[in-house]
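S.K.: Could you build the full structure based on these sequences and the hints that come with them?
Residue numbers (the numbering used here), protein chains in the order written: chain A, 1 to 115; chain E, 1 to 114.
It is worth saying that the hints were derived from the structure and are not from the lab.
Ideal Cβ placement from N, Cα and C applies to all residues, glycine included.
Everything hinted at is true.
Some but not every residue of chain A turned toward chain E, in silico, with C-beta under 8 angstroms:
#	residue
1	PHE34
2	LEU44
3	SER93
4	PHE103
5	GLY108
Between beta-carbon pairs, the in silico distance windows are:
#	chain 1	residue 1	chain 2	residue 2	range
6	E	THR13	A	SER79	41 to 47 angstroms
7	E	ARG85	A	THR107	16 to 22 angstroms
8	E	PRO81	A	GLN45	31 to 37 angstroms
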Amino acid sequence: GDSVTQMEGPVTLSEEAFLTINCTYTATGYPSLFWYVQYPGEGLQLLLKATKADDKGSNKGFEATYRKETTSFHLEKGSVQVSDSAVYFCALSDGGSNTGNQFYFGTGTSLTVIP
Amino acid sequence: DAGVIQSPRHEVTEMGQEVTLRCKPISGHNSLFWYRQTMMRGLELLIYFNNNVPIDDSGMPEDRFSAKMPNASFSTLKIQPSEPRDSAVYFCASSWDGGNQPQHFGDGTRLSIL
Numbered sequence: 001g002d003s004v005t006q007m008e009g010p011v012t013l014s015e016e017a018f019l020t021i022n023c024t025y026t027a028t029g030y031p032s033l034f035w036y037v038q039y040p041g042e043g044l045q046l047l048l049k050a051t052k053a054d055d056k057g058s059n060k061g062f063e064a065t066y067r068k069e070t071t072s073f074h075l076e077k078g079s080v081q082v083s084d085s086a087v088y089f090c091a092l093s094d095g096g097s098n099t100g101n102q103f104y105f106g107t108g109t110s111l112t113v114i115p
Numbered sequence: 001d002a003g004v005i006q007s008p009r010h011e012v013t014e015m016g017q018e019v020t021l022r023c024k025p026i027s028g029h030n031s032l033f034w035y036r037q038t039m040m041r042g043l044e045l046l047i048y049f050n051n052n053v054p055i056d057d058s059g060m061p062e063d064r065f066s067a068k069m070p071n072a073s074f075s076t077l078k079i080q081p082s083e084p085r086d087s088a089v090y091f092c093a094s095s096w097d098g099g100n101q102p103q104h105f106g107d108g109t110r111l112s113i114l
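M.R.: Here it is in structure tokens:
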């Protein structure tokens, strides 16, 4: 079945460091891929998405490219800030059926950015 | 636009009591999801509805858990009787199932069973 595997955490970086959080997926069809962010005490918020191969999603300085050949959707940011400290989830949507889109979430990667 | 609205935000109750969590999805969304999040098990899908019909409830832990969606704008998750191991944050999310749309999450209900 469809699934998402993401990098184990926690990750600790100094401010202005480069961030990569790895995400790979398994899917039988043509999924859409998402990154969500969860700040302490809040729900998951959509960070970015890509709906087909070679699409690049971007938002707030974060980027991820949908790579079909490597079944990957790695999250990157060139210079992290303390305010980026959160838990990041990679997710896959199976493209829908007559009963709606099923979503599959990774286990989450905790990021702490220190000044 | 209003997002997904969950109530209550926090619930503390004693073991054995009935707990009801509520969710109002985003207007126009036709899929609704209930999740549970704990440190030990992470984010778990409990059940999801499409057009008010339960599609997959395989994640519901046991018969003490039940969920309903009587109309497109309201859903409940009920635990009866509650146990300490049910303590977690429960999230509701909704989406529109056309064209791989994202899920939108509520702020969650933090449930503590004493």
